[in-house]
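Q: Fit chain Y to the supplied structure of chain H, relying on the hints for placement.
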Amino acid sequence: MHWLRTFALCFMLAVSTSAFAVQPDEVLPDPALEARARVLSQELRCLVCQNQSIEDSDALLARDLRLLLRERLKSGDSDRQVLDFLVARYGEFVLLRPPLSWHTALLWLTPGGLLILGIIALVAAGRCRARPNLAEPALTPQETAQLKGLADQ
Amino acid sequence: MIPELGHYALVLAFALSLIQATVPIYGARSNDAALMSVAAPTALAQFVFVALSFIALIACYVTSDFSVATTFENSHSAMPLVYKITSAWGNHEGSMLLWVLILAAFGALVALFGNNLPPTLKANVLGVQSWIAAAFFLFILLTSNPFARLADAPLEGRDLNPLLQDLGLAIHPPLLYLGYVGFSISFSFAIAALIEGRIDAAWARWVRPWTLLAWMFLTIGIAMGSYWAYYELGWGGWWFWDPVENASFMPWLAGTALLHSALVMEKRNALKVWTLLLAILAFSLSLLGTFLVRSGVLTSVHTFASDPLRGVFILAILVVFIGGAFSLFAWRAPLLKQGGLFAPVSREGALVLNNLFLTTCCATVFVGTLYPLALEALTGEKISVGAPFFNATFWPLFVPLLIAMPFGPLMAWKRGDVLGVTQRLFGAFALALVGIAATYAVTTGGPVLAPFAIGLAIFVVGGAFVDLIERTGLGKLPLPVTLKRAAGLPRSAWGGAIAHLGIGITVFGIVCETNWASERIAAVKPQETISLRGYDLTFEGLTQRRGPNYTEQLGTFVVRSGGVEIGTLQPSKRSFASRGSATSEAALLTRGVSQLYISLGDPGAGGSVTVRLYHKPLVLLIWLGAVVMFLGGGLSLSDRRLRVGAPKPAKIKPSLQPAE
Numbered sequence: 033m034h035w036l037r038t039f040a041l042c043f044m045l046a047v048s049t050s051a052f053a054v055q056p057d058e059v060l061p062d063p064a065l066e067a068r069a070r071v072l073s074q075e076l077r078c079l080v081c082q083n084q085s086i087e088d089s090d091a092l093l094a095r096d097l098r099l100l101l102r103e104r105l106k107s108g109d110s111d112r113q114v115l116d117f118l119v120a121r122y123g124e125f126v127l128l129r130p131p132l133s134w135h136t137a138l139l140w141l142t143p144g145g146l147l148i149l150g151i152i153a154l155v156a157a158g159r160c161r162a163r164p165n166l167a168e169p170a171l172t173p174q175e176t177a178q179l180k181g182l183a184d185q
Numbered sequence: 041m042i043p044e045l046g047h048y049a050l051v052l053a054f055a056l057s058l059i060q061a062t063v064p065i066y067g068a069r070s071n072d073a074a075l076m077s078v079a080a081p082t083a084l085a086q087f088v089f090v091a092l093s094f095i096a097l098i099a100c101y102v103t104s105d106f107s108v109a110t111t112f113e114n115s116h117s118a119m120p121l122v123y124k125i126t127s128a129w130g131n132h133e134g135s136m137l138l139w140v141l142i143l144a145a146f147g148a149l150v151a152l153f154g155n156n157l158p159p160t161l162k163a164n165v166l167g168v169q170s171w172i173a174a175a176f177f178l179f180i181l182l183t184s185n186p187f188a189r190l191a192d193a194p195l196e197g198r199d200l201n202p203l204l205q206d207l208g209l210a211i212h213p214p215l216l217y218l219g220y221v222g223f224s225i226s227f228s229f230a231i232a233a234l235i236e237g238r239i240d241a242a243w244a245r246w247v248r249p250w251t252l253l254a255w256m257f258l259t260i261g262i263a264m265g266s267y268w269a270y271y272e273l274g275w276g277g278w279w280f281w282d283p284v285e286n287a288s289f290m291p292w293l294a295g296t297a298l299l300h301s302a303l304v305m306e307k308r309n310a311l312k313v314w315t316l317l318l319a320i321l322a323f324s325l326s327l328l329g330t331f332l333v334r335s336g337v338l339t340s341v342h343t344f345a346s347d348p349l350r351g352v353f354i355l356a357i358l359v360v361f362i363g364g365a366f367s368l369f370a371w372r373a374p375l376l377k378q379g380g381l382f383a384p385v386s387r388e389g390a391l392v393l394n395n396l397f398l399t400t401c402c403a404t405v406f407v408g409t410l411y412p413l414a415l416e417a418l419t420g421e422k423i424s425v426g427a428p429f430f431n432a433t434f435w436p437l438f439v440p441l442l443i444a445m446p447f448g449p450l451m452a453w454k455r456g457d458v459l460g461v462t463q464r465l466f467g468a469f470a471l472a473l474v475g476i477a478a479t480y481a482v483t484t485g486g487p488v489l490a491p492f493a494i495g496l497a498i499f500v501v502g503g504a505f506v507d508l509i510e511r512t513g514l515g516k517l518p519l520p521v522t523l524k525r526a527a528g529l530p531r532s533a534w535g536g537a538i539a540h541l542g543i544g545i546t547v548f549g550i551v552c553e554t555n556w557a558s559e560r561i562a563a564v565k566p567q568e569t570i571s572l573r574g575y576d577l578t579f580e581g582l583t584q585r586r587g588p589n590y591t592e593q594l595g596t597f598v599v600r601s602g603g604v605e606i607g608t609l610q611p612s613k614r615s616f617a618s619r620g621s622a623t624s625e626a627a628l629l630t631r632g633v634s635q636l637y638i639s640l641g642d643p644g645a646g647g648s649v650t651v652r653l654y655h656k657p658l659v660l661l662i663w664l665g666a667v668v669m670f671l672g673g674g675l676s677l678s679d680r681r682l683r684v685g686a687p688k689p690a691k692i693k694p695s696l697q698p699a700e
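Those protein sequence lines, which keep their order, are chains H and Y. My numbering applies: residue 33 is where the first sequence begins, and numbers increase by one. My numbering applies: residue 41 is where the second sequence begins, and numbers increase by one.
This is chain Y alone, in the form it adopts within the complex:
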């Protein structure tokens, strides 16, 4: 009964989405307020029905209803409750339902908080949003129904892929989807603006909070996925330039560019057409990401063809939405008036430079990811494009961006002064030079460029502080004045500086991890000790342990530093009988922001076991930087000028004197 209710709720949501996709837009064209006002309640109702459908799906998983095909394929009655819940979206059908749930949630948010939008814009935005929703509802109902029943219900499920039985990966897809799907709002706003043929600075102000929200979740979602890969895959890598990673990284790059260009549009009414293009691009890349991961085209062109309906359906959605959006753009964009002149050297100019490099980075990742597929489809020739290609092409584009980053926020609008800004950045330069010299003196070995990379990271971090110091006048003005200025500084200014600080922190972590990580591979016998970077690990032996739905071999290592015991590491190998598969669970010892990482290999003769041991200096900074970026975004979002609700104007003191 519950699966049927869920299915029915989904069908109702689809019906509602069709109403929302047509009536408000017709209302906006004919200027009929009654028709336009249909949008908000339908958006809310649509969300309610998708949510009901999603709850029904979760209920199927929690109660281990194996008469439902997806539950049978992806769940097991012995799994812990939390994984029973998360396995609901650990597969194609469920994750698509999660996708539309988030899409509907964003639509509902616009309906709730969009009261300050002009009525026609609100109607058009919600209408466009519902086009996307309708397409995906249809996709789920026709090709990927999560509620399909099996004629003979099996007694036990096939279990969730062991790799996914992990909390980090359980919350990774929802975060990532919040980011992907969040860009749909910017997209809908862009299409609505094109339909209306009107766009102004106010438009940018409405779009920016949504873009920021999506960007924040995408940032944290990517970081979460990266950390999961780091500890779960067992060889200590955290970024592989894998097509599925690239699929989430491309919208991030485009979204970051969009955030910056929307800033120019809001403040200076310039770059309108470009901002629209980026809004379309960011969501197009999100759709492409969904397609790449969901269609199976990545595994090989042939897998894609083996399940043609799904692949072709998503491809059709892709062609209609991306193609349609770009056609509309080509047709309507020339009508939009350009405004806001500025000199090449100015804050606007710096942001244009930022956009140039970010979009080129994005294009590089795009070409690298899709080139092998395109080449194979066109000529049948197979080539590989992997990490060495991306490292060789991405970093030369990203490093200039990092160098320019501290300059941007210090530039004046309209006309800037590079020399003046350079002087103000003197502190950051000095700090970077000290960092380079210190790194050079302290480290031995490592690549020649490594100290310079450290210098660059310090420069970026220092630049963020200089930005704040300059704005508050710290050191130049008396402290009380500084504090007052700091308190009066818009939260978006704090947010921007903190997000830039986050980038610097991440870069610092990346540089340290890639240049000075050390590794030891060895076969150890019980009571034998292996050493790495001043840490001595004594192997205490292997033990067997039974988990809820797996058995594991647990290695115990006592870690000593300078003879003092500082902890115990217990890496394990888990085997899952239901799937006949195994995972390696690495053990981590965190010292400050550095980590000792150990993963277990095969047991050998005489109770020995092979281990892979790493020392990863400052590795946690990579993800902490992303957390700082997230927090910076959040702070900026709380700025009252950007707050989604209607901003309350400051009370104006009565200046008129009463008539005598």
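Okay, chain H solo, but in the shape it has when bound:
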């Protein structure tokens, strides 16, 4: 039931069409081009599904996008150009890996940033703990004299 909500929508859409994603008639004859299409498909979101790539989705829209993507590849677009074309059409929502920009900065900076902060905090904590031993204040001249006096007695 955990996956229920996620997949229910797609399955409802899929019932009347097919049981799985890429159909034999979609596959490009050129294996190199098809391999590129596959990689790109995994980066693109099926817009009517929840968190599914067009590679995995069996919705009709996903099929349309897969065909469109292959059309662009056949006409000689680079991977970048294909993605840009789809973003221009459907917005950034179509990308499963959002590009780095101001509104995704926090998203992208969290992993590395947190790790660095963690390391800094650990080093600081280590220093803090080590300090009492190292930074024991030196004796004042007066105290030294007192000590000397005591030792002499």
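In short, the hints are calculated from the structure, not lab data. Because the structure is a prediction, the values reported are computed rather than measured. For each residue, glycine too, the CB sits at the ideal point set by N, CA and C. You can trust all of the hints, since none of them are fake.
Just the calculated beta-carbon pair ranges, DEER-fashion:
| # | chain 1 | residue 1 | chain 2 | residue 2 | range |
| --- | --- | --- | --- | --- | --- |
| 1 | Y | T630 | H | D57 | 29 to 39 Å |
| 2 | Y | G574 | H | V119 | 37 to 47 Å |
| 3 | H | D184 | Y | A444 | 53 to 63 Å |
| 4 | H | V119 | Y | A444 | 34 to 44 Å |
| 5 | Y | V488 | H | Q74 | 13 to 23 Å |
| 6 | H | V119 | Y | L376 | 44 to 54 Å |
| 7 | Y | L376 | H | T172 | 33 to 43 Å |
| 8 | Y | G674 | H | V80 | 39 to 49 Å |
| 9 | Y | K524 | H | P63 | 56 to 66 Å |
| 10 | Y | I95 | H | V119 | 52 to 62 Å |
| 11 | H | A183 | Y | R455 | 34 to 44 Å |
| 12 | H | V155 | Y | G467 | 31 to 41 Å |
| 13 | Y | L489 | H | R70 | 12 to 22 Å |
| 14 | H | A153 | Y | E44 | 48 to 58 Å |
Keeping only pairs whose Cα atoms sit at most 20 Å apart, straight-line, the calculated EDC-like set for lysine to aspartate or glutamate is:
| # | chain 1 | residue 1 | chain 2 | residue 2 |
| --- | --- | --- | --- | --- |
| 15 | Y | K565 | H | E58 |
| 16 | Y | K422 | H | D116 |
| 17 | Y | K565 | H | D57 |
| 18 | Y | K422 | H | E124 |
| 19 | Y | K307 | Y | D679 |
| 20 | Y | K565 | Y | E580 |
A: Showing chain Y alone in chain H's frame:
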């Protein structure tokens, strides 16, 4: 009558939970033993009443009582008995009842086996546990009553979602909930410690078995869900970084960190405050997981708003418990005394490193899962964060953890020696290098980094063995001595090494599956043969078959390898008339730990059908690794030092001589 009894039992359980949530805690404050002793019997009674309520619900489903709204929505009289039972928790209301049942069960276990706890701690723990229970009872009774009746009872139910009519998914939620809810005990212990303002190594010893138990079930529950997705969804994926998966993965990461930091606390009395924080965090993430899945907020922010009472109620529970816990933590944690100094390079240091990476991984999954929701709520802008993002951010954090993993258990407490440990890991290094070279030589194609990933997996597996070899002195000492040492080794040491071995096995499976899986999509006609990786599949044709509550189209494929027949695969497409929906049932042929996977598509002209065929090398290792982790956890749990009951001290030989 039965639904009303179930409902009434639930109301009684709620009343009991209110008593348990207040009286023992007041007793602990006023040091009144009589009031404190109220906790244990109420916890047991609470469990009995929730169990009665749950049994009543099951009875409604078994007897197909469609006058009950949830039964009508989710069951069908023609369903096999086992699915009638499991459909009881295959929906929101029933699964929440299961949630509180497990919560009450854990409370009852503490009441039964917590005799060695100091009385005030036991009273506080059970009291806090009951706060959570009371909140969820109220939630169920007010917003999600599973026993609500329909005025006109329909003749037939609407059937359970076909995807859920599967044994794997039937036992997945109970396992997962055992994990989620199990962390409530660590949480209650943490809150009780904060209330008392006292925490010591003994506290960690009491908490660790509960955390371990929860962790074990969460591990196996996640693995089960992943395997279900693999064979049921029909496209051979086993992890999608889907928000609902992430919701269970985050508590796992935090719980794993908690297990390790509690170890430091128990052995060295250090990292106390951090361990408390992790205990709070692990359960908070479990609550968050429940919220994410149950509130509908994931589908879209708008679905959430369409059923506001439920969503807002869970959100309120979330805010009160998580917010309250963290406020209490901020207020009381500074009072706790820190102890146990250690050098940065030491077993403690290694475990701190483990915690740093695990919590960063957890935070990454957290941000990735919630960022689109937060951004949409704040700015209205919609973005997608999917598998490519998680793969790009999670693995760079997890790989260093895997590299460091074999070093940890070999380090000495207080002050370790990296060079010495590296020397002792020589065998594992050598094995990894051989693995890299062999992979490079044998495979063609695949990503450049793939052989190194194999090397890493071998290193982790080898590291687990080196740990055991070092502890038993195998090879250095005579065999009888080694065996004696192996027998004398604490079970927790065996458990730890075996759990680490499990991680290595899982990683091995993941690396092989992602790099060398092959796929074939084709339209096949009867008697036509398709080939993949040395396997030839001959299509024998489609047949129709009738199941208890569905009809299916069955494709039959004879599999040959080198001309020899090795099996038959029968993938099918099932259609369920009652819901007007269909599922694709993939067929699997297991060869060793690799699998041949075939799923059926649409029938075409001339009796042909489209199929999707995969060869998944060593794919079963992914889940077998999780089983090994589970077993390692179980072994560790059986260690007598951790046993939940009071440990019996070893009999001391009378050393005094009788007086002359």
